[in-house]
Amino acid sequence: MPGLAREISVVPSRAPCRSAANARGARAERSGCAILPTGLGVPFRRVSIVESLSLEPWVVATPRLVHRLAARPLGFRRDELRWFDPMRLSSTAFLDRLERLDELTFGPHGLRMPRWAFYDCVELPGALFGYAGSTRRFPEHVRGALPDDGELWPLSMCMATPMVRPDEWLVFSISSLLELEPGTDSVRLGVETLALTLAALGPKRAFGTMQWSSPSLAAHAHFAPLAVRATWVPAHTHAGTCVFAFEPDAGRIEHALHAPLSTAGEGVVVDPEDQLALTAMQGRIEAGEKLSLVGATEATREAKARVRWGRA
Amino acid sequence: MTRLAPKNATLLARLRPFVVAIAEHREAFDCAAFGLPIAVANRIDPLCAASAPFLELLRRLDAATFGPEGMPMPRWVFFDGAELPGGIVGFGAPVSELAPSTLTLLRVEPDFDGLVPLSMFIAIPTHEPSIWMAHNLASMAPQVPHEGLDGLGGLTKAYGLAVYRARRQIGATQWNSSALSIHVRLGPLELLSAWTPAHSEPWTLTYGVDLSDARLLNLARDPAGVVDTPEVDLWVDSQDHALQRDLQGRIERGERFQIVGKPELVGHERLRVPVGRLPPLTASPAR
Numbered sequence: 001m002p003g004l005a006r007e008i009s010v011v012p013s014r015a016p017c018r019s020a021a022n023a024r025g026a027r028a029e030r031s032g033c034a035i036l037p038t039g040l041g042v043p044f045r046r047v048s049i050v051e052s053l054s055l056e057p058w059v060v061a062t063p064r065l066v067h068r069l070a071a072r073p074l075g076f077r078r079d080e081l082r083w084f085d086p087m088r089l090s091s092t093a094f095l096d097r098l099e100r101l102d103e104l105t106f107g108p109h110g111l112r113m114p115r116w117a118f119y120d121c122v123e124l125p126g127a128l129f130g131y132a133g134s135t136r137r138f139p140e141h142v143r144g145a146l147p148d149d150g151e152l153w154p155l156s157m158c159m160a161t162p163m164v165r166p167d168e169w170l171v172f173s174i175s176s177l178l179e180l181e182p183g184t185d186s187v188r189l190g191v192e193t194l195a196l197t198l199a200a201l202g203p204k205r206a207f208g209t210m211q212w213s214s215p216s217l218a219a220h221a222h223f224a225p226l227a228v229r230a231t232w233v234p235a236h237t238h239a240g241t242c243v244f245a246f247e248p249d250a251g252r253i254e255h256a257l258h259a260p261l262s263t264a265g266e267g268v269v270v271d272p273e274d275q276l277a278l279t280a281m282q283g284r285i286e287a288g289e290k291l292s293l294v295g296a297t298e299a300t301r302e303a304k305a306r307v308r309w310g311r312a
Numbered sequence: 001m002t003r004l005a006p007k008n009a010t011l012l013a014r015l016r017p018f019v020v021a022i023a024e025h026r027e028a029f030d031c032a033a034f035g036l037p038i039a040v041a042n043r044i045d046p047l048c049a050a051s052a053p054f055l056e057l058l059r060r061l062d063a064a065t066f067g068p069e070g071m072p073m074p075r076w077v078f079f080d081g082a083e084l085p086g087g088i089v090g091f092g093a094p095v096s097e098l099a100p101s102t103l104t105l106l107r108v109e110p111d112f113d114g115l116v117p118l119s120m121f122i123a124i125p126t127h128e129p130s131i132w133m134a135h136n137l138a139s140m141a142p143q144v145p146h147e148g149l150d151g152l153g154g155l156t157k158a159y160g161l162a163v164y165r166a167r168r169q170i171g172a173t174q175w176n177s178s179a180l181s182i183h184v185r186l187g188p189l190e191l192l193s194a195w196t197p198a199h200s201e202p203w204t205l206t207y208g209v210d211l212s213d214a215r216l217l218n219l220a221r222d223p224a225g226v227v228d229t230p231e232v233d234l235w236v237d238s239q240d241h242a243l244q245r246d247l248q249g250r251i252e253r254g255e256r257f258q259i260v261g262k263p264e265l266v267g268h269e270r271l272r273v274p275v276g277r278l279p280p281l282t283a284s285p286a287r
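Protein chains in written order, with this note's numbering: chain Y, 1 to 312; chain X, 1 to 287.
Looking at chain Y on its own, in the form it has when it is part of the complex (with noise of 0.2 angstroms):
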């Protein structure tokens, strides 16, 4: 299938990845990042892509989730979340400029999200998170897309919904406006996006999806192991996607955020193009084998999943 490859070799991850992620048993760290205390008493770096671009942390969600939320995810207290509720007029404006975010990054591709499934599907249901800024410190070929305005613009973002367990959550589209210009920053930034929305929620399990070819899925690697629950979905746009689930306890978010990448080790590289071969995993799982995601084979966005059998 020709025209398969080529369309799913240029597509972003539209894919959940939900966390629960406490903060409970991280680890302090190595030099150049300040430690900060969470309100669980677990110090949590905050991270490098945001510290050099002076970045703040946002959430779009209803009022009432304050309460779920960890009381100083990363680091950042609660009241240093710039909060955004979609059923207030004042919105409106950041609104407009999440939605220019998801046009840059997931429009070239097919992807971008009707404003109606950000509203129904994520805001009031659950939340988007991410980082911000002035345009003015983002990179150049960041600003060269954006005006000029002084205003605060989303430059990542993340979205979480909830699953029907309790303390479970869909994690998704994750992506940022360095994905303007290739590079590692963005999986970096990735890293640290998702990184704060599984802080933030603390969820028990998170899952996610991702079409193999994502550009984030060394950003997802990061989190690995991760079980496979589907290597082949007919049901998506894209059937080459992955659908994964882990558990992302506070020292998974800390290794995430902090140490490198292993680009090699176990497991079979995932051809994103080999659609025999993911429908063939696919029907080993449903003959009940566990698949888990064991790494990728390199911290950028070019990067492939490496898997092997048993589980995560």
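Keep in mind that the hints were calculated from the coordinates and are not lab data.
Label-pair restraints from in silico Cβ distances: (1) 279/X with 287/Y: 53 to 63 angstroms; (2) 150/Y with 101/X: 56 to 66 angstroms; (3) 37/X with 275/Y: 31 to 41 angstroms.
Among the chain Y residues that face chain X by a calculated CB cut under 7 angstroms, a handful are: (4) 86; (5) 115; (6) 229; (7) 232; (8) 235.
Glycine is no exception: its CB is placed at the ideal position from the N, C-alpha and C atoms.
Fit chain X to the supplied structure of chain Y, relying on the hints for placement.
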């Protein structure tokens, strides 16, 4: 156990319920709500590749019902936004029991041999326990009058909310939506927003309503159902965006309103919606 007996008795006589959800979610659902069990064969796992033909029919049902209004759901939104985190509950009929014109409307493949979905209610759990977001209610009843499906939309939503074990439901719809007449059968709908720029269509309202068996029965057009009918304080014309903005401002300043009854049709896609005031909250709003 409360049982459903909708006025249009042929609905339950002809149709069979289905649910789409991943396996562990189905364990949390009541798959025999109102004493109406969902057959194992009609419990669809979106993570199974073999479910694809049925899920494609749901997409076609969405296109046939919402597509004309310009809000068809992309496939990935169906999956990421509904099938994976929440659930889809609906009613269908065996392909052999449907008129050829119905099958044509839904573009059912000639070799399809299974349940053809005729309605669906998609809901997503919220971050508050037992509160569900009603995302999509679709019924083929208006498109296929020869099938005798009057009341299918309300029945589907009532049954779905019971399957999800929802205690409260929130939702978003447009002031000119004919679906308001269905939603309000649950009883007075508290307005959480009256003008919503976060939505593609700012003339969207957001509502919330507590649920009970009596309200669900009323929604399903079961004569045993009952809901309150508070007084009307004002009528909101679906084209009066200035009034909707004004109401939004008043809601943001702490006033409370509710839709208290069935809207009146006053023109093509134009409604007058009866609205009543609610007393302000005096204690903690936490529900």
